[in-house]
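K.L.:
Kindly generate the complete structure, drawing on both the sequences and the hints.
There are 2 protein chains.
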Amino acid sequence: MTKNKTVLHQMTATEIVKAIGSGETTCEAVARACLERIAEREPEVQAWQYLDPDGVVRQAQALDKSGKRGPLTGVPCGVKDIIDTADMPTEYGTPIHKGHRPQRDAACVALTRKAGGVIMGKTVTTEFANVHPGKTRNPFDASRTPGGSSSGSGAAVGADMVPLALGTQTTGSTTRPASFCGAFGYRPTWGDLRLNGVMEAAGTLDSLGIIARSIEDVSLYRDVLLGIEPQPLAESVAAPRIGFCRTHNWNRIEPHTQKLLEDAAERLARAGARVEDVELPQDFVALEDAHRWISGFEMSRNLTWEIENHWNEISEEFRNGRLTDGLACTYEQYVSMRALMHHCRKLLLPVLDHYDVLLTPSAPGEAPPLWNPVPNPWVYMVWTTMHVPSLTLPVFKGPNGLPVGAQIVGRHYDDRRLFALSRWIDQRLK
Amino acid sequence: MTKNKTVLHQMTATEIVKAIGSGETTCEAVARACLERIAEREPEVQAWQYLDPDGVVRQAQALDKSGKRGPLTGVPCGVKDIIDTADMPTEYGTPIHKGHRPQRDAACVALTRKAGGVIMGKTVTTEFANVHPGKTRNPFDASRTPGGSSSGSGAAVGADMVPLALGTQTTGSTTRPASFCGAFGYRPTWGDLRLNGVMEAAGTLDSLGIIARSIEDVSLYRDVLLGIEPQPLAESVAAPRIGFCRTHNWNRIEPHTQKLLEDAAERLARAGARVEDVELPQDFVALEDAHRWISGFEMSRNLTWEIENHWNEISEEFRNGRLTDGLACTYEQYVSMRALMHHCRKLLLPVLDHYDVLLTPSAPGEAPPLWNPVPNPWVYMVWTTMHVPSLTLPVFKGPNGLPVGAQIVGRHYDDRRLFALSRWIDQRLK
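Which chain is which? The protein sequence lines are A and B, in order.
Counting from -8, one number per residue, gives the positions in the first sequence under this note's numbering.
Counting from -8, one number per residue, gives the positions in the second sequence under this note's numbering.
Please note that the accuracy of each hint is not assured.
Just so you know, same-sequence chains aren't split out, so a pair can sit in one copy or run between any two.
Below are the DMTMM-like pairs computed for lysine to aspartate or glutamate, each with C-alpha atoms no more than 20 angstroms apart in a straight line [to be verified]:
#1 K105 / E304
#2 K89 / D78
#3 K56 / E299
#4 K59 / E299
Worth flagging that the hints you see were computed from the coordinates, not collected in a lab.
For clarity, every value in this text was computed on a predicted model and none was experimentally measured.
P.N.:
Next comes the structure, spelled out in structure tokens:
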């Protein structure tokens, strides 16, 4: 007896693993349910850069046949198309690399397969994981952006096509689509998850990202990507000390979102959390510039082959924006910006020590109309530069009934504690 | 009129650029001179994993024809075979990836070409830039190792086949072959040189490396790889304050090398430098362990695809060594080792502030016989974990007349100053 397919495609990874483990369903049934959901939603959402339904079914059947059980057995996963796959193209969101086929899986893909995950296909990325958009639309309103750069990963999870998807983040590329697509979005402590086989955008800032349907799933997938035995989340935690951090750019957050966050802070306080306002030191204001110069400097070097050989096939947006900025940036300027980042990280340490987590915006508001740039990257980017782990919770609705996330920020290397505390918060805000 | 070919293949990059710029020689003449040298020495040295002499001549002819002049125009460069090249195979030192052809150049290769460099071919790497050796032999004694993992890059420069070669370093993979092959070996401040298209071994430690024939060439090539306008080295510098750092493992340095370094410290003092003994804090002793666990943890995740699909094609040395260690390492252990590294970096800052540079061993002694493991990785590895820039100077001869280097360590982000001060030291030790 397998569960009804309309249910299967909405299950979390943790539920899928359990249902397959108990014989209640099969890898194939789950894969087929997700493929059916994709067939239904993809014409509108366009989350997939590459999808081979027959290949997916074969992967699932092989898993059923082998009988092997791993921590992700039978869980369909989407993979952002800047991450190498041995059996699927990897095109980095650009016509320059159309049809490119790597010969091996990136570390994160191989770890997913090792755990029994089913690689569903490649999800749409913006051009080189920068700003020029792909074809994907917001699953809750097709006239709006899904957010980038992990657009397809955000939309695929948001549209119930897959329970898990891999993204990356250099600015807000996981946080933002998670917030716009009503999903959990996790950016790990910088440096924890390996990037072999993932396109380097700006190594000083890059990390993998996970987009998921539950905090348990985020935690499970993180353990898989760390290559360690999955550990359960702490079942009960004390009410946390929460620093409510509006950031310097609070006036660039939409009033409706400001209200949602302020209400959330009050509700959490009423639920027993010790909530206090946190102001970041004035030096943090300059981090927006620091991020622009560091990422521009690094991207414009990393993409030298494309710049030299395919300049005219790069979008005007990227050419005239980050690449031109980056090429004009001097080494001295770049180093001074890295030093500023380092300095701010030190200033943040006592703040992180004083609270268990910080509550802060995930995005300025709902997803804007398609092809409009998303304002105020500061809300994601400040935490990216700080290298702290961040989890976006899909707990709010904006004025049009569309998802808006709340971002919870934790301490370096203590991502598991961030998850446990975020679950406490999530349960109280839902 | 072109210079005599036996001279051309021994010129530095800086001299080549000047001679081509003044019309004294051509890119083609230089390339042919190096190819002739390779033809002569390669049967014994075996530095090259891939070499296409006709392709090299075509590159050089195209440069001559274009008349364009860049900072490296006509300079033959070797490229370690874990670095992607669009027009040559990239095999990572393993039969698993035999014939693998990337579709783009790594950032560092594209930057080399942009500057006018001639990509001569791919140099031999140990397996996955770890310890299992390739076919290369020491150019000064074919019964001895060239050092790894950038074995071919070290040997190719040491054998006068090319003036410049790209390597990488995770432990001592540039410092060691430079020391054994009588070349300058440079590991930059960690994070400065982009790694897009370079195999990640252990991202927390990895960096590019440059093997060269002069300090001016190292400085020139670094600027090219930074994607900035090359700047000349400071012509004259004051006699530096030098910290002579024997490290905790001085007793694992061969007595002959100990004597060479102690004599060098005395000679530098007599030449006007303020030389003082530096003892590293006791906490540094644990860095050897830290390096082993961090690199093992990261490598064993990065190579998941190979481990899962080609375990038996991986050398026993690597399987039973770093990979097995790494797979057994817990996340908690890994994180505590990263914390230790970070802690030691803080302890090192006042030491770096107190001196202009540190003088320390590059290797325990001369190159050992082929296939023998190289003892005492601590001498390179401690500086790799500290993320400081390091330059190995080919200033010593061991008891058998073979090269032994002296390692000069500088301050983070101040690599250019390290070069200027190292030149002062090099001139006085030669």
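K.L.:
Under a CA distance limit of 20 angstroms, which applies to K59 and E299: within one copy, between copies, both, or neither?
P.N.:
between (48 angstroms within a copy, 14 angstroms between copies)
K.L.:
Is it within, between, both, or neither for K56 and E299, if the alpha carbons may be no more than 20 angstroms apart?
P.N.:
So K56 and E299 pass the 20 angstroms test across copies only (18 angstroms; inside, 49 angstroms).
K.L.:
If the cutoff is 20 angstroms on CA atoms, where do K105 and E304 land: within, between, both or neither? Let me know, please.
P.N.:
between (37 angstroms within a copy, 18 angstroms between copies)
K.L.:
Checking K89 and D78: alpha-carbon separation at most 20 angstroms within a copy, between copies, both or neither?
P.N.:
Both, since 15 angstroms and 18 angstroms are each at most 20 angstroms.
The structure fails none of the hints (numbered hints given earlier).
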